[in-house]
Every structure is written in C-alpha cells, then in structure tokens.
Amino acid sequence: MRKFVSAAVIIALFLTAFTIMGCSSQKKAATSIPKETAKPADKGTIILATTTSTRDTGLLDMLIPAFKKKTGITVKTIAVGTGEALKMGGRGDADVLLVHARKAEDEFMTKGLGKVRKDVMHNDFVLIGPKNDPAGVKIATGAAEAFKKIAAKQANFVSRGDGSGTNKKELSVWDKAGIKPAGAWYIKTGQGMAETILIANGKQGYTLSDRGTYLTQKGNIDITLLLEKKKDLLNPYGVIAVNPDKFPKVNYKGAMEFVNFITSGEGQKIIADFGKDKYSQPLFVPDAEKTAK
Amino acid sequence: MDLLLDGVKQAFILIFTGDSLVVEATLRSLQTSGSAVLISLLLGVPLGLLLALARFPGRNLIVAIINAGMGLPPVVVGLVVAILLWRSGIFGFLGLMYTVAAMVIAQVIIALPLVVGLTLTAIQQLNPKLRLQALALGASKSQMLVMLVKEAKLTMLAAVIAGFGAIISEVGAVLMVGGNISGQTRVLTTAIVEQVGRGDFSRALALSFILLAITFTATYALTLYQQKGVGVWRRTS
Chain A
1 MRKFVSAAVI
11 IALFLTAFTI
21 MGCSSQKKAA
31 TSIPKETAKP
41 ADKGTIILAT
51 TTSTRDTGLL
61 DMLIPAFKKK
71 TGITVKTIAV
81 GTGEALKMGG
91 RGDADVLLVH
101 ARKAEDEFMT
111 KGLGKVRKDV
121 MHNDFVLIGP
131 KNDPAGVKIA
141 TGAAEAFKKI
151 AAKQANFVSR
161 GDGSGTNKKE
171 LSVWDKAGIK
181 PAGAWYIKTG
191 QGMAETILIA
201 NGKQGYTLSD
211 RGTYLTQKGN
221 IDITLLLEKK
231 KDLLNPYGVI
241 AVNPDKFPKV
251 NYKGAMEFVN
261 FITSGEGQKI
271 IADFGKDKYS
281 QPLFVPDAEK
291 TAK
Chain U
294 MDLLLDGVKQ
304 AFILIFTGDS
314 LVVEATLRSL
324 QTSGSAVLIS
334 LLLGVPLGLL
344 LALARFPGRN
354 LIVAIINAGM
364 GLPPVVVGLV
374 VAILLWRSGI
384 FGFLGLMYTV
394 AAMVIAQVII
404 ALPLVVGLTL
414 TAIQQLNPKL
424 RLQALALGAS
434 KSQMLVMLVK
444 EAKLTMLAAV
454 IAGFGAIISE
464 VGAVLMVGGN
474 ISGQTRVLTT
484 AIVEQVGRGD
494 FSRALALSFI
504 LLAITFTATY
514 ALTLYQQKGV
524 GVWRRTS
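So the sequences go chain by chain: A and U. Heads up: the first sequence begins at 1 in the numbering used here, then just goes up one per residue. Heads up: the second sequence begins at 294 in the numbering used here, then just goes up one per residue.
Because the hints were derived from the structure by calculation, they are not lab data. Any given hint could turn out to be false.
Said to hold, decoys possible - Calculated Cβ distances over 12 Å to all of chain A for the following chain U residues:
{"hint": "1", "residue": "Val301"}
{"hint": "2", "residue": "Phe305"}
{"hint": "3", "residue": "Phe349"}
{"hint": "4", "residue": "Ala361"}
{"hint": "5", "residue": "Pro366"}
{"hint": "6", "residue": "Gly388"}
{"hint": "7", "residue": "Ala427"}
{"hint": "8", "residue": "Leu430"}
{"hint": "9", "residue": "Met437"}
{"hint": "10", "residue": "Gly471"}
To be verified - List time: in silico DSS-like cross-link candidates among lysine-lysine, alpha-carbon distance up to 27 Å:
{"hint": "11", "chain 1": "A", "residue 1": "Lys246", "chain 2": "A", "residue 2": "Lys231"}
{"hint": "12", "chain 1": "A", "residue 1": "Lys218", "chain 2": "U", "residue 2": "Lys434"}
{"hint": "13", "chain 1": "A", "residue 1": "Lys218", "chain 2": "A", "residue 2": "Lys249"}
{"hint": "14", "chain 1": "A", "residue 1": "Lys278", "chain 2": "U", "residue 2": "Lys302"}
{"hint": "15", "chain 1": "A", "residue 1": "Lys87", "chain 2": "A", "residue 2": "Lys203"}
{"hint": "16", "chain 1": "A", "residue 1": "Lys103", "chain 2": "A", "residue 2": "Lys148"}
Just so we're clear, the structure is a prediction, and the values are computed from it rather than from any experiment. Note that beta-carbon positions come from the ideal geometry of N, C-alpha and C, so glycine has one too.
The shape of chain A in the complex, shown without the other chains (with noise of 0.2 Å):
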C-alpha cells in the first residue's frame, strides 16, 4: 500500500514539476522577450496566417528563424488555408498574411482590410491522378481541357472543397471549363492538401496539388503526375499586412517587418534555394524582386 502511495505522490510531484516548469518558462519568455526586442521597441510578437503548403514543404522552417534572428520578433504561424487565412485577416486575428489566391487577395485589399500586399513567390499547380490515366488527361493543353475530359468520363476527382487558395484556383479551373461539378465522382474532402493526396490516392482519383505538397508526398503515393507547366497552372503567394487602421490591435510594425524581409534579397534567396538539396529542384520562384523593379 505505501509503496503505491509513494508511486501516487511521484506522479502527483511529476505532473506538478511540469507545471512549474511551464509557468517559469512562460514567465522565462515574457521576461526574455523585452531585453530581445530592446533595440527596435515594441514588436514583441506576430501571428502570421499561411496556408498549409508553405509549413507542409518545410519552407517556413527556413524562413521563420531566419526572420528571428534578424529583427528578434517572434512568429507565431497558424497554418489553415488561404481562405480561413484571409478571414482571419479580416477579423484583426493575425497580422500578417502569407496566401495564393489572387483574385481573393485583390477584394481584400480594395475592402481595406489589409493596408500593403506584395507580391512574394509562385510554383506552380500540378494534376495527378490514376497512373493508368482513365480520362487521359495526359495530352491536354491546359487544366481546362483536362478538367473537362475528367468530367465527360465522370472519373474520381477529389477536391479540397475548404475554401483554400488550391480549392479556389480548381473552382476557377472548372468555372473557365463551363462545369459545374457535381455527382458522385466528386469528391470534397474539407482538409488540406496533403490528406486531400492521400484520400485522391485511395480513391484512384484525380486532384489538383500545389507542386510543393505533391513532391512531399510523392514517396507515399501511387498516382502521379499528369498534366503540368502549363499557363494555366500558375500559383502565385502574396503577402499581406493587414490594416491598423481598421484593426488597431494588430502589430503593423512587425508585419511590414516581415513583409519587407520576405521581399527583400535575403529572404528571396532562401525561398530560391529552398528544395534543391531535398527534391533537386527548388519548390518556389521568387518574385518580389522583379515586380519591385
């Protein structure tokens, strides 16, 4: 009996250690971030809404401490999709906004909810599908034409169906087809990209995936890519600080802190050589650059 009475108190001790260790290492951060932030005052912390594809393929574990190091400002990053990111933008509930659906963006900004966009990078979008390719996909021209070849033969297509800017850019796709899908052979998941793979890769159905998300889960697949670099398969990431002036909670001074990093020469060489060492083939093409000059 005492031996487990002991065993109890050891647990309770446990648990408790962690506690303490918790509240002194909170305690820890809010007395560490001051002294970090002493030079530029003021821009302790932003929340940065981003879509699933810049965490998934590992780009802003490359971007995020490089930021860190350079300006001290802490980010907390929310990975949802473009939609949601967008939305929480348009509530006050993040300062910055890393996202890809260009026309969303444009109706945000003239809505006056953000106060400056940029444009950061693009990949490009990519079909996949059954390797047997039952619609024959394969010689299309462009997504268009495949979207509409996928739907005479009503073939498995899984679609985000979340509101992202993937979802978007596929609703655009079949909105220019003149489809409107529906029926059994489409399929909206509501997830992110990488489970949206995996459930088009038990279906043996086509979808559409940012070419960053495919190249991660390509070794766990076995559909594969179809149709790709064609004109309409563009996806272009923009940032976004959202407005103060609507918001006045928001950290406006760390946004464009990091907005300006993410454009600047520093932060569009590590978006440049992001994925040669890992995939051979870097995932984004920086864009900032051009459009600044």
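Let chain A serve as the given structure and place chain U on it in line with the hints.
Same frame as chain A, but now just chain U:
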C-alpha cells in the same frame, strides 16, 4: 505493412536519439495536460462534493449539465474558446490565443465535467450512514469531508484516468486554440497531424508510440494504485 514496420524502426531511432521535435512535443503534452488535470482536480473535487452533499434549487439542472458535459465534443470546446480568445473576441485583450495557457483552458473545460461528475457519483455511492456516523462520533465538518474523499478515492482516481486520457489524446481543441506553433504550442497530437501533412509517416508513428506509451503508463500506474486499494478494502471489511 512495410510502412508500419519501417515506421516502428524509425520511431525507435528517433526516440532514442532524442529527436528535438519528438522531445519538444512530448514535454509540451505532459506540461499542458498535466497542468489541466491538476487544475481540474482542484476545481472539480470540491464542486463534486458540494453537488453531492448540498441541496439547493437548480441542483438537478447543474448535475444534468455536468453529465452532458462529460461527453462534450473537444472541437466544440476549441471553437468556443477560440472565439472568446481571438483578438476580436471578448477576452481578446488578454492575449492568450495561441499560448499554452489557452490550451490548458480548453483542456480544463473538457476534463472538469469528468472530474466533477465522477466525484459526485463516488460520494453518492457511499453509504449515507457513513456521514451520520462520522458526525455522531464527533467529527468536525472538514474531518467528515476528508473522510468522504478518502472513502471515495477509488472512483475519483477513475476520474483522473479518464480526464488525463481524454485530454492528452485530444487534437481538435488544442489545434484550434494553440495553433501547433513550433517551440511554443506544438503537442504530440498536433505534431502527428502536421507530420502526416508533411508526408513524414515515420516521425508521425514515433510521436504516436510515445503518446500511446504515456497514456498507458499513466493509466497503468493509477490502475495499480486503484486496484491495490480494492484489496485493502476487502481485508478490512
């Protein structure tokens, strides 16, 4: 099947080489859910005692709410806590969103009804004469309460097991209010979701094994203690 076997192998390598992501997420999970269980106990046991012993108008309604709360969907808790803690929410000024504190709050809301409800049941299952006898033998009110808690501790341990198991393995709420931020709010469950997204199944499996090991160890230790308690009761009766 190869994936699973390879995953197991990779998992052990990552665990024994002290992979920084694995270590970080494990410690954060223990810190968050450990704090949440402790807070739930501190709040939940007195509340359960009060509900078991006191009679006041509206008590049945509160008990019904607690019982319903035992099956509270974590995602719903996460969503509501998020809406309250967002900058645009009414508690936005506290700046708690995307912190460990926010995750603890959500987990306490999930675990508290379990602790209160099971404490209530435990006390009510005791023979009512026990209370009268204690008072008749000259116990003060606080002595009587301590005795009741001691008598009911086996069922209350079940509350700890259930609460801890529920929150450490929960993903929806912590993802929503914590945001799975590297080095700040990434716990085992959210890290697993992220690693699947990154296509790194072996790391996801490594994290899964640790999660299973923690829940099993905690449950096992508490069960041992609980079952030993049963033996003592038999001997003395």
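Numbers of the earlier hints that this structure fails to satisfy, in rising order: Checked against the structure, the hints that fail are numbers 6, 10, 11, 12, 13, 15, while the rest are satisfied.
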